[in-house]
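There are 2 protein chains.
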Amino acid sequence: MPQQHRAKLTRRAILAAAAEEFDLIGYEAATLSSVLRRSGITKGAFYFHFTAKEAVAEALAQQYLLNLTAMRQRWSGRSLDPLSTLVGLTSEAARRLERDVVLRAGMLLACNRIGAESDGWYEAICELVLKATEAGQLRPGVDPAEAARVLYAALVGAHTVGDEPEGLVDRFEEIWRVVLAGVARDGWRADAELTGRP
Amino acid sequence: MPQQHRAKLTRRAILAAAAEEFDLIGYEAATLSSVLRRSGITKGAFYFHFTAKEAVAEALAQQYLLNLTAMRQRWSGRSLDPLSTLVGLTSEAARRLERDVVLRAGMLLACNRIGAESDGWYEAICELVLKATEAGQLRPGVDPAEAARVLYAALVGAHTVGDEPEGLVDRFEEIWRVVLAGVARDGWRADAELTGRP
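Line by line, the protein sequences are chains A and B. Going letter by letter, the first sequence gives residues 1032 to 1229 in our numbering. Going letter by letter, the second sequence gives residues 1032 to 1229 in our numbering.
Be aware that one or more of the hints could be misleading.
A short list of chain B residues far from chain A (calculated; beta carbon distances all over 12 Å) [claimed, not checked]:
1) Ala1076
2) Ala1086
3) Ala1101
4) Gly1172
5) Glu1197
One-sided and incomplete, this derived list gives chain B residues near chain A with beta-carbon spacing under 10 Å [claimed, not checked]:
6) Leu1040
7) Ile1072
8) Val1181
9) Leu1182
10) Gly1193
11) Val1210
12) Ala1215
It is worth saying that the hints were derived from the structure and are not from the lab. These figures come from a predicted structure and were not determined experimentally. C-beta: ideal position from N, C-alpha, C; glycine also.
Full structure from sequences and hints, please.
Rendered as structure tokens:
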């Protein structure tokens, strides 16, 4: 059905243009006109899909949350050990956030809308660090809740301190190296493959 | 000179009211009227000290930066080892940021104005971690620049992830425990006194 296909492409073009615009000048500063100008799509076509800029933001945030859920499910489906799962999951997220402006905009919008702690990352980290403790991957004496909070703060901070999305993968890798040196049992290290490096 | 003293108190009251207002509803949303209402100070008295809301923000940011410089100088003057200096400095900052709304507002304003990396914290951390390496406080093989970046990300993240300023001291302490477990030589630990605990 070519018409449905075209509609899908239009919707995707609007989301991409809005994400680029939000990424460049921020959600508040971006206007519907600037998004339309960037997408080359007419007002009529826009209103076929969305009611306003806010609705586009909502869709971007939703898409990010769905993506995150899918990523988590994929990684837990691999039946790796908990720490490898966590390193792999965060590394894939960093890689995708670095490259994909639609995902990046969605994350920012989701975090601002629902509060930084409730997009699922904090829960995912807590769960996997707890499983890592149960699996004996953490050093004796390490408090899993504390380790999860520090990891989460560092990963959130890595987004904040770098102005550019480039380098997020490296910043995440550094965090893993430093934090795991303190909390993981000697001898544990994620497969190079898991961190997304060839 | 009682008049000069009164002027000083008025200026301080304006800064405190503005800081509380910015802290509560954010700098953008706060208006000059809401600051005046909170401070109980007349427009005339306000304009004796400041030209506009922006000038109050500037003064708060400046005051924060001066405070930070003074704190750094005080801690380097104590001739402690580099890691103890760094833990002590960040712990004092956390304690003061937790309690002092004027400092907290100043930090946020300073960071937004000059970019999160240039309020001096990143440089302070890098410098002290490097000195810690030279003093043999870090484990062999630890890259000081990497350790400093991760620490900085975690400390910045600790501000972001907690909605409330309460708990900042605890979040900073956790970060030190987890990160130092990975990067500091065995046996090193900051004096309890340094972390500001009795």
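Violations among the numbered hints: 4, 6, 7
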